[in-house]
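If you read the protein sequences in the order shown, they are chains G and A. Sequential numbering of the first sequence, starting at 13, is according to my numbering. Sequential numbering of the second sequence, starting at 13, is according to my numbering.
Read the hints as simulated data drawn from the structure, not as lab findings. A hint or two may mislead.
Repeated chains share a single entry, so a pair holds when one copy, or any two copies, can fit it.
Distance condition first, Cα-Cα at most 35 Å in a straight line; then the derived DSBU-like pairs of lysine-lysine [unchecked claim]:
| id | residue 1 | residue 2 |
| --- | --- | --- |
| 1 | K128 | K387 |
| 2 | K128 | K116 |
| 3 | K338 | K387 |
| 4 | K128 | K221 |
| 5 | K116 | K338 |
Protein chains: 2
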Amino acid sequence: MASVPLLRTAEIIAVGSELLGSTRLDTNSLYIAERLAGLGIELHAKAVVGDDRADIAAMFREALVRTDLVIFTGGLGPTDDDLTREVVADVLGLPLSIDDSIVKSIEQRFARRGMKMPPVNVRQAQVPHGAEVLANPNGTAPGLLIRHDGHLIVLLPGPPREVNPMIDALCAGPLLECIGTERLYRARLFVAGRSESSVEEAAQPLYSKWRDETPPIATTILASPGQVELHLTIRDPDREHAQVRLLHAQEDLHRAVGEDVFSTDGRLLEEIVGEHLVARGYRIAAAESCTGGLLMARLTDVPGSSRYVHAAVVSYDNEAKVDILKVPRALIEQHGAVSEPVAVAMAEGVRALTGAEVAVAITGIAGPGGGTPTKPVGTVVIAILIPEQPAFVRTFSFVGGRSMVRTQAAQAAMDRVRRLLQSSAR
Amino acid sequence: MASVPLLRTAEIIAVGSELLGSTRLDTNSLYIAERLAGLGIELHAKAVVGDDRADIAAMFREALVRTDLVIFTGGLGPTDDDLTREVVADVLGLPLSIDDSIVKSIEQRFARRGMKMPPVNVRQAQVPHGAEVLANPNGTAPGLLIRHDGHLIVLLPGPPREVNPMIDALCAGPLLECIGTERLYRARLFVAGRSESSVEEAAQPLYSKWRDETPPIATTILASPGQVELHLTIRDPDREHAQVRLLHAQEDLHRAVGEDVFSTDGRLLEEIVGEHLVARGYRIAAAESCTGGLLMARLTDVPGSSRYVHAAVVSYDNEAKVDILKVPRALIEQHGAVSEPVAVAMAEGVRALTGAEVAVAITGIAGPGGGTPTKPVGTVVIAILIPEQPAFVRTFSFVGGRSMVRTQAAQAAMDRVRRLLQSSAR
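Let's have the full structure, built from the sequences with the hints guiding it.
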């Protein structure tokens, strides 16, 4: 292993013409990037290239110039289109030969399903001279690891369920042995109810301070509808030192951004809300209009949510509000369906119907139609009832198209439930 | 323009270190690939590179060797991190100078919001010698188009809402002028209720025939939970000829795959179901258990769905099934909550509660917990009531994790509503 230097940088090459169209993205690289970051290996670039011999070879040659570790995904199948193995062997000048033990294991795989291995699959048993074979528990194509001229080259299959366990095994074994003592440590804060620029403004003085410390803490800010994420990373040989500094940095940031921070350990808003409900022994019910079930779909996306999710009514038209939720028709006629009195009546209605302790109502105008000068598209009213607290009701103005308005409305409703449960706990 | 040959191949380079982490993907390239395909320009490769001068330069040089058209996205902002303009000018040996008219337009953009342009933004007015400036209606950074040594090089900003209209303008203007008479024409079929391999088996004999025709029709098959897509493309100088051939091919495929095809024009299942409901004057209601609102969220994602979506009940626990949907408790005790009698009773309950003509009920085990030997995780029962038809009820077995089971259940429910409405129309 003397020929392998410390791995510091990596590049990912995804092979497959289907990844160059308008419908598919290479998502393997997200998982790989995350795992490499955990080892302190920095991703320099990633590329997608079609099933073309010359293009794959060119990308590979260039990656070897720039980087220590090159990871290929895809192109290890049994057909003529699957070129990664051959091109890599060719560029490195390594002869390919059939590995009988791989042939046997592929044959067994087919036999277990009562089938005979088709002759084409012998291609998947080709191994460049000197390469190590990486087991693929979820597919026929084994991976390959080549140590060549100071580089590590890894060939993996394409399907995520095959790639992920193989990357895990690599990171726990061959890659771990080549990274020295420094590691990358990370912390995250998730924020709701506040714009990206406002979060940035609050965090900026801390960023600059950390950047000048040794080793520095790097910061990234990411925004999606209704959520802002702050990521902190530090590269340090001393695990304890890194973790203490990250913890302090996280606490400083939490103080600066305040109670808009809802998670410091990667848990999502629906999980946090679920835990507050479980802690209080409350069940939740919802009356959804413009979000059409999105809030409930998010809450029930959490395994075990049946402990606290009771029921919901999607009252998409006014008749449903009147008939099922018993919202007085006069209230709708007087204030309109998108109004604070109607939202509160919807929440009261779903609480009476279901007997849940916590009731949430959402009514709004998601667009593209239905807006008026006083209630433009993006107007959303949220009402929340929680035991021993006055009713919460607020009118929000969200920007963006139909889907963004709906996403932000569901997110804001969950975030308000979180705040109310948090404050009632004090 | 004599120096620009026919554009046949392209490469996209997305610049930005944030695109190399574990949370963000370059999605601009999907839109760009789609628009380029419309002009018959083939994407050879795409790359993501960090905010690093040497890496950007290396990727650019290599792309120039391989391809006619290089499109950059990102790295046109006003800060020191934004390097695309400088690196491209440097690699091509073109001097950069400040374009006063761009400075003026950026100043005006700030002034309209009552602000003064920060001095750093002058960077965004730098133009390589001989470049054309591309208007950016949604942001400060203009795009740039450089014709150099037989290549076209395009620099665009990063945010999708800025990129998309600029790509549209390019495809309608400068790129259109450089592509000769051949165009790429496309057709799609969407299929539900059938596995990818079964669709492939039905389509395979047609594929092989089309591949040998002149010009050939290329085919791609894409699978996602509950849906298989067949894409057909043909490159032809004669628009009418191409469209007639595609139409025939589409009809042949439709015949081969049968009524599992639900869309031949890109419309989604929720839109197709909506149109059937509108045509019949029916309103739809749902009783959702394991999908927790996902079916309704999908149906109401369609603008104008308030014409036919009435209401839904998410009866996530058994009490809600009994209290709100009036499912007899004995039925649940006798057959279990995930059973055909209970699914039918849920559908009847929500129909009685809402008065909707079409009622759908979904009850199942999404996992990870809750499975039994006779009803493993993935068991989902769907019941549907439609006027003048016997009740539909069927037990499905879906594979995959919680999220995949829920997605497939909502998709299967919509697909069954489609089939029942289609057959009732005959």
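Structure-based check of all given hints:
Proximity of K128 and K387 under a CA criterion of 35 Å is satisfied inter-copy only: 32 Å between copies versus 66 Å inside one chain copy. In the homo-oligomer, the alpha carbons of K128 and K116 lie at most 35 Å apart inside one protomer (12 Å), although the nearest pairing across protomers, at 72 Å, exceeds that limit. Taking the shortest alpha-carbon separations for K338 and K387, only the intra-copy value of 24 Å comes in at or below 35 Å, while the best inter-copy value is 38 Å. Proximity of K128 to K221 under the C-alpha cut-off of 35 Å is restricted to the inter-copy arrangement: shortest distance 28 Å between copies versus 64 Å within a copy.
In this assembly of identical chains, the alpha carbons of K116 and K338 never lie at most 35 Å apart, being 68 Å within a copy and 59 Å across copies at closest.
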